[in-house]
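**Q** Residue numbers (the numbering used here), protein chains in the order written: chain Y, 1 to 346; chain F, 1 to 346.
No lab work stands behind these hints: they were computed from the structure. Note that the structure is predicted; figures quoted are calculated from it, not measured. Honestly, I wouldn't trust all of these hints.
Heads up, the list lumps identical chains together, so a pair's fine if it works in one copy or across two of them.
Here are the simulated lysine-lysine pairs, BS3-like style, with alpha carbons at most 27 Å apart [what the hints assert, rightly or not]:
#1 K12 / K41
#2 K271 / K328
#3 K141 / K109
#4 K278 / K109
#5 K252 / K41
#6 K252 / K328
#7 K12 / K252
#8 K252 / K109
#9 K271 / K52
#10 K109 / K52
#11 K52 / K41
#12 K252 / K271
Number of protein chains: 2
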Amino acid sequence: MTSMSNLEGEMKRVKSEVDRLILDELLPRSSPIPEVELLYKMMRDYPSRPAKGLRPFLCVTACRAAGGSEEDSLLTAACIELFQHWILIHDDMEDQSELRRGQLTLHLKHSSALALNTGDALHARMWGALLLNERRLGQQKTLDVLGEFARMVGFTTEGQHMELGWVRQNRWDLTESDYIEMCTRKTSWYTVASPCRLGAIVAGSSPETLDRLRDFGMKLGVGFQIQDDALNLIGDQAKYGKAKSDDILEGKRTLILLHALGEANPSERAKATSIMSKERRLRTDDDVAYVLGLIGEYQAVEYGQRRARALMEEAIRVLRSVHWAGEKEAALLLESFSRFAVERQW
Amino acid sequence: MTSMSNLEGEMKRVKSEVDRLILDELLPRSSPIPEVELLYKMMRDYPSRPAKGLRPFLCVTACRAAGGSEEDSLLTAACIELFQHWILIHDDMEDQSELRRGQLTLHLKHSSALALNTGDALHARMWGALLLNERRLGQQKTLDVLGEFARMVGFTTEGQHMELGWVRQNRWDLTESDYIEMCTRKTSWYTVASPCRLGAIVAGSSPETLDRLRDFGMKLGVGFQIQDDALNLIGDQAKYGKAKSDDILEGKRTLILLHALGEANPSERAKATSIMSKERRLRTDDDVAYVLGLIGEYQAVEYGQRRARALMEEAIRVLRSVHWAGEKEAALLLESFSRFAVERQW
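Next comes chain Y alone, as it looks inside the complex (with noise of 0.2 Å):
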């Protein structure tokens, strides 16, 4: 029987295997000149902040319960993770953050300038460590990862065009479905669809079976996403590491906002859209206090929670639908995690 401590052991444990991969192997200590010694450092930097590593963890685990050994998938599941550092590099750029996993951003604690080409170098890098998969997966395989992170990059940049385009060009006529569309793009790909695939690609899982993991991502990715969108306003933000309420600050369209928008009547939410709408650093404490209070008072993120766990039960059917051909257990924590990704509180 998996049970939940089971899954937050194995996913450290996978977390420090691919850790140890990407810091002692992939990006080096030292650089080749001292001119570009802070860029290597600046590399080294979100990798080396406190993670969950939940990616790695699906693309590992995914390639055991396909049949796969632990050993071919761990330097696609490290390159997951960087794919993670650099695009949360970017990320944080675009949407000003100022803290990232308990520290300042990248771009705050350097330069703009400086932080955006550390994120270039880095998805560089990436790249440059799947073409590693070669000696140990054979041509085919090695190319078959690098056609699914092609895809799981294209799509996410989709979604995280889709999420700015409605900041900057102000869209409020956005519905539910609306939200849903932008999520699978901007989080289920990268989040869970694509960990699970990779890790069924390193198997060499059938087609059918990869087609059933893009379902159960593009659901559980929602749910988590919406969670993750619940925790950012209700969280811990020692646990959670982000500043509590900063995507309300950052003007984003969460389903939970979405929601409360809908219920509050119309003098509300005109209110609301407008503080909404102003540039961020003109959006007052009292202007976050009023969203959190109409958020509160329509129940927005009980109606969200209960959206994802609705989503994570589908999720979690079409998991049960995939012939697995390896290790039960490890079948068995990917539905663990499934519960995980949308009750997680941190």
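Starting from the known structure of chain Y, arrange chain F on it as the hints suggest.
**A** The following block gives chain F in isolation, referenced to the frame of chain Y:
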């Protein structure tokens, strides 16, 4: 006999082939969903602006000289151009540039957040497009081409970091050899060495040939960059497409500026470095005129151009030591190109 007009004709021809591939096949005209239409439009923006296409020309021509076919190298050549497009989007943000190829830079036309993400999307599309090489080149060459891209982007981001770091740390203790070290990373790899090497990899050249093309590229790339710096000071803005003297506004440590500072008397030097140490937006027209005056007084442009020509002569000597297995005419075009790189007026 290969003449300069033949060279320009060939560059135009290759550029139009590569543009067709990029705009008709690699970058879709419309997006899968309306919400990301603008992203796709932004991805096509820089690729739709006029450009010389030097790098794809080098790739295709080196491939022909090395005994490969133009058709085999076109996709790789197009991906080099995609690299140039995404890195320029980010570069323009890092340098706070206002004009690119005669139009507003992408981040000023839209927003920094959307432009940053567009660069990432184009970066990922570049890697995805490189995977299409497999159909025509097979797995080994496809992977070798990817490896060269990883190397190329890695060096370019190192060079970019050096240049940005000097501005940020307000470093003026720099020598000509610091400039050359920075330039080989920032410019030589992606402008000359990798385009030539990629053409040769597609053609199946020996490691020895690849080494010589690296050496050729290191020298010619620096010569190319010095002339680029010179054109930024004295070039015709309409032809050149960037704002004149932009490098001075951006605080760039060019070989030309370093030479003028080295020749200047202590009080001139103190005044010039204090001007160059200001924030970009605080540098006045008079400030720029003063620095340009020093550069003129000490004939620093002429000095730079002499250095560039000497590097070009060394590069051509290396180029002549390559044992080409293919078209003699193509090898001669590479020589014409070398002269063009440091003598061009645009």
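**Q** Look at each hint and say if it fits the structure.
**A** Each hint, compared with the structure:
no.: 1; hint: K12 / K41; result: within (24 Å within a copy, 42 Å between copies)
no.: 2; hint: K271 / K328; result: neither (53 Å within a copy, 73 Å between copies)
no.: 3; hint: K141 / K109; result: neither (39 Å within a copy, 41 Å between copies)
no.: 4; hint: K278 / K109; result: both (26 Å within a copy, 21 Å between copies)
no.: 5; hint: K252 / K41; result: between (31 Å within a copy, 23 Å between copies)
no.: 6; hint: K252 / K328; result: neither (39 Å within a copy, 59 Å between copies)
no.: 7; hint: K12 / K252; result: neither (30 Å within a copy, 46 Å between copies)
no.: 8; hint: K252 / K109; result: both (24 Å within a copy, 23 Å between copies)
no.: 9; hint: K271 / K52; result: neither (37 Å within a copy, 52 Å between copies)
no.: 10; hint: K109 / K52; result: within (22 Å within a copy, 38 Å between copies)
no.: 11; hint: K52 / K41; result: within (22 Å within a copy, 36 Å between copies)
no.: 12; hint: K252 / K271; result: within (16 Å within a copy, 47 Å between copies)
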